[in-house]
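Trainee: Protein chains in written order, with this note's numbering: chain A, 1 to 96; chain B, 97 to 192.
A portion of the hints provided could be inaccurate.
As the list claims (entries may be wrong) - Computed cross-link-like contacts, DSS-like style, restricted to lysine-lysine with a CA-CA straight-line distance of at most 25 Å:
1. A:K35 <-> A:K95
2. B:K116 <-> A:K23
3. A:K23 <-> A:K95
4. B:K192 <-> B:K111
5. A:K23 <-> A:K35
6. A:K39 <-> B:K192
7. A:K23 <-> B:K192
8. B:K111 <-> B:K167
9. A:K23 <-> A:K39
Claimed, not checked - Footprint (simulated), chain A over chain B, 3 or more residues, beta carbon under 8 Å:
10. 99-109
11. 178-190
I should point out that these hints are in silico values taken from the structure, not numbers from a laboratory. C-beta atoms are modelled at their ideal positions from N, C-alpha and C, and glycine is treated no differently.
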Amino acid sequence: MLIAKVIGTTVSTIKEPTLEGRKLLILRQTGVDGKPIGKPYVAVDTLDAGIGDLVLTAHGSSGRQTDLTQNRPVDAVIMAVIDHLSVGGEVTYQKE
Amino acid sequence: MKIARVIGSTISTIKSPRVKNTKLLLCQETDHYGDQELGTPYAAIDLVEAGEGDLVLTCHGSAARQTQLTKETPTDAVIIGVLDHLEVDGEITFRK
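Chain A extracted, bound-state conformation (with noise of 0.2 Å):
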């Protein structure tokens, strides 16, 4: 699984049947510390994340594995929101 950071969302009118009414949201990989590395990626929510929002995404078939996306074309999904994080007894990451 992934930290990343919920940045942004997308909207497609035409797209794969068995995807519609799903929440395809952007996000960016984060360090521990919540700061943004890598590229950007979209992924299924089946949480109602939001805008900001630090969560975890599970990657591959393992984003197959909830109810919301099972036997679907789906390879990331969103399966934590971050409350926070530390690391070695600090805490690294706190929610707003």
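With chain A's structure known, arrange chain B on it following the hints.
Mentor: Just chain B, lined up with the frame of chain A:
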């Protein structure tokens, strides 16, 4: 899932029988503005009648085989949606 621009198409006479009736488009990954190119171009099976120049979402790995058209085919990338617009931090970063 990746945000990508359709930059071309592929034509091949000799192909695996299971992907015979599929349209293979060339995609170039972009950032969430749809303008900066990231990485190298790749081919993906089109499920949504995307056209050259369209910004699309592509799905990778085993997720690409979760559709009627690609089930049990040698496929590792599909176009699952055509993007109408993208919004990042409350601002529209791309509009079709």
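Trainee: Now, for every hint given, state plainly whether the structure supports it.
Mentor: Evaluation of the provided hints:
With a CA separation close to 13 Å, the supplied pair K35 of chain A and K95 of chain A stays within the 25 Å bound. For the given pair, K116 of chain B sits about 32 Å from K23 of chain A by alpha-carbon distance, which is inconsistent with the 25 Å threshold. Taking the CA atoms of K23 of chain A and K95 of chain A, the gap is near 22 Å; set against the 25 Å cutoff, the hint holds. Under the criterion of a C-alpha separation no larger than 25 Å, the hint pairing K192 of chain B with K111 of chain B is inconsistent with the structure, at around 33 Å.
A threshold of 25 Å between alpha carbons decides the hint, and for K23 of chain A with K35 of chain A the separation of about 24 Å falls inside it, so the pair holds. For the proposed pair K39 of chain A and K192 of chain B, the alpha carbon gap of about 22 Å is at most 25 Å, so the pair holds. Distance check on the hinted pair: K23 of chain A and K192 of chain B sit about 19 Å apart at the alpha-carbon level, within 25 Å; holds. The suggested pairing of K111 of chain B with K167 of chain B holds, with an alpha-carbon distance near 16 Å, which does not exceed 25 Å.
Taking the CA atoms of K23 of chain A and K39 of chain A, the gap is about 20 Å. The hint holds against a cut of 25 Å. Remark: the region 99-109 of chain B is not confirmed as covered by chain A, as 1 of its residues place a Cβ nearer than 8 Å to a Cβ of that chain, below the required three. Given a C-beta distance limit of less than 8 Å, the hint that chain A covers the region 178-190 of chain B holds, as 10 residues qualify and 3 suffice.
Violation of the numbered hints given earlier is confined to hints 2, 4, 10; the remaining hints are satisfied by the structure.
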